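J.: If you want the building blocks of each chain, they are given just below.
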Amino acid sequence: MAKHALSGKSPATWGVVTVLLVVAIFGTLWVPIYARSAPKLGPFPFFYWYQLIWVPVSAVLCWICYLLLRSKPRNRRVVPR
Amino acid sequence: MSHINAVSLVIVIGSFLIVTYIGFAAARWRPAEDPMHLNEWGLGGRGFGTFVSWFLLGGDIYTAYTFIAVPALVYATGAAGFYALSYTIMVFPIVFIFAPRLWSVARARGYVSPGDFVRGRHGSQGLGLAVAATGILATMPYIALQLVGIEAVLTTMGIGSPTGNSFVRDLPLIIAFAVVAAYTYLAGLRAPALIAFVKDLLIYVTVIVAIIYIPGRLGGWGHIFNAASAHLKTVNPATGKPYGSLVVMPAGEWAFATLALGSALALFVYPHAVTGVFAAKRRNVIRRNAAMLPAYSLVLGLIALFGYMARATPAVNAGVKAGGGNPQLSVPLLFARMFPSWFAGIGYSAIIIGALVPAAVMSIAAANLFTRTIYKELISPNATPAQETRVARLASLLMKVGALGFAIELNKTFSINLQLLGGIWILQTFPAVVIGLYTRWFHRIALIIGWAVGMAYGSIEAYRTSGGGQAHFGASTTSVFGHVTYIAIIALILNIAVSAVLTLVFRRIGLQDGYDETRPADYTADPVTVPAAPAGTRPPAVPSAR
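From first to last, the protein sequence lines stand for chains Y and P. For the first sequence, our numbering gives the first residue as 424, with consecutive numbering after it. For the second sequence, our numbering gives the first residue as 28, with consecutive numbering after it.
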């Protein structure tokens with residue numbers, strides 16, 4: 424990502440963001456993690472409750488990344504060249 | 028199914044009329060100084076904040092696909108259908124990565140469609156054209172899927188005689204679509220954005236009530252899973268194998284993962300999703316939404332479970348069988364059998380309106396593509412913004428007519444294949460659009476040839492698959508190296524490989540590359556104002572009214 428200089432965020436911030444997003448994506452991309460029925464949560468096989476729980480997990484990961492990358496709104500007008 | 032329930036019918040017609048009123052009134056919502064500009068008609072003035080964007084993007088993404096196609100697949104095959112949940116979970120981190128860059132460059136340069144961006148970035152009219160044509164092609168089956176969803180509800184309600192010619196049978200569908208076309212023509216993107224509120228209200232109410240009420244009536248989740256499991260274990264006489272399984276089998280994992288990944292990569296290169304992104308007011312709106320949109324994924328997961336509820340309801344199974352074994356009927360039938368008529372009417376309305384909103388956004392997005400990348404580039408380079416808007420309005424009507432034809436003539440066994448077919452095509456624009464956001468390493472002509480190879484391979488492979496009683500276009504996966512894989516992913520890999528090899532060759536022989544009109548700062552820009560015309564295109568001969 425060649426935007427470190429432009430975004431004003433340190434490479435460490437970008438590193439953390441990258442790791443969090445990769446975790447968020449691989450959590451459901453790597454099917455063998457959750458292609459099983461035990462342990463059950465009540466009547467729900469693992470396959471179902473894992474995916475349903477992963478929804479808020481990935482949302483929280485994205486939210487953390489958003490907070491890390493958030494920039495103060497710049498109200499100056501950018502004139503297109 | 029032959030009798031019409033008057034209470035449900037009144038509720039459905041009533042909500043359709045309310046939505047129609049909102050659609051026409053939307054023309055006066057946040058009125059623009061100059062409504063005859065593509066930024067206004069096609070992108071709602073590019074001024075939607077987090078709140079409206081959330082509804083609009085959610086409205087684009089969660090469609091009849093969610094309410095009809097996914098539960099139908101779960102109803103018929105079990106766990107395999109849950110790739111859709113996996114897909115909608117991983118799509119938002121992916122959006123988070125590249126959508127802000129796409130928004131910034133579009134805002135800084137005044138692009139209204141992915142075709143615009145590709146032409147400007149790679150300095151290639153041909154590549155822009157390829158992306159635009161692909162977007163229009165891929166959107167057609169996706170709109171058709173919305174119509175199939177509406178049709179499933181109408182069939183369940185007993186509207187439209189099952190016999191007679193297809194025009195009479197589909198008349199209610201045609202009328203509903205004509206009304207939507209009319210207010211989309213008039214109000215542009217403002218109409219679906221405003222209707223999205225009503226749609227979501229109906230959907231959330233229906234899903235919450237269903238998820239609490241129906242399991243109780245069916246004897247609890249334990250019973251629902253047992254009934255589904257019992258059915259999935261039985262052997263399908265057509266294939267000699269079980270219908271499916273409650274948990275993905277090792278043999279199915281690869282297909283599950285590639286279908287999810289391919290769908291997730293494809294979603295945000297679809298013109299309608301790009302339109303939703305471009306309509307946002309600020310760069311941060313996109314990232315904030317990536318963190319908030321998963322609320323819809325949760326809803327999708329719950330709706331997918333409706334497929335099992337339907338399976339555990341004997342009356343639904345009988346109804347599906349009576350309807351010619353059409354699993355698309357399972358959710359509307361579930362509502363009909365489980366809910367009192369008035370609430371079934373609410374549920375039907377949620378599905379119908381939930382299909383009309385994305386159909387409207389998709390036709391607008393395809394119209395933006397056509398106007399900017401095909402009409403303005405090839406037919407009338409000197410078109411004024413007002414002329415552009417007029418052309419876009421007509422193009423949005425044509426898109427709807429095309430999709431209507433598609434839906435009426437179509438085999439409806441597995442409507443999800445329509446979306447997957449669209450995904451195969453649209454994913455072939457990924458290198459030019461998404462990889463193009465990060466690097467210009469690829470040569471423009473290499474990208475065009477890579478795209479052509481991906482499109483050709485994907486279309487031929489999809490044509491060759493049979494399934495669901497169809498000889499062609501019956502499935503969207505094929506076996507490579509012993510793994511069943513989503514065709515879109517194989518085509519994309521071929522596409523990138525061809526582009527990379529040819530880039531090296533073209534560099535070697537010194538073939539001239541295109542001029543990149545964008546600047547690195549454009550990709551992180553967060554401007555408040557939008558240039559009136561896209562930079563880099565020929566200036567109009569006659570200055571526009573603005």
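Careful, some of the hints might be misleading.
To be verified - If you anchor each label on the Cβ, the simulated ranges turn out as follows:
no., chain 1, residue 1, chain 2, residue 2, range
1, P, Gln539, Y, Val442, 36 to 42 Å
2, Y, Val442, P, Ile462, 38 to 44 Å
3, Y, Ala435, P, Arg491, 48 to 54 Å
4, Y, Val442, P, Leu228, 49 to 55 Å
Note that these hints are calculated values from the structure, not bench results. Small disclaimer: the values here were computed from a predicted structure and weren't measured. Glycine included, every Cβ here is placed at the ideal spot set by N, Cα and C.
J.: Give a verdict on every hint.
T.: Taking the hints in turn, this is what the structure says about them:
no.: 1; hint: P:Gln539 <-> Y:Val442: 36 to 42 Å; result: 40 Å, holds
no.: 2; hint: Y:Val442 <-> P:Ile462: 38 to 44 Å; result: 22 Å, violated
no.: 3; hint: Y:Ala435 <-> P:Arg491: 48 to 54 Å; result: 49 Å, holds
no.: 4; hint: Y:Val442 <-> P:Leu228: 49 to 55 Å; result: 38 Å, violated
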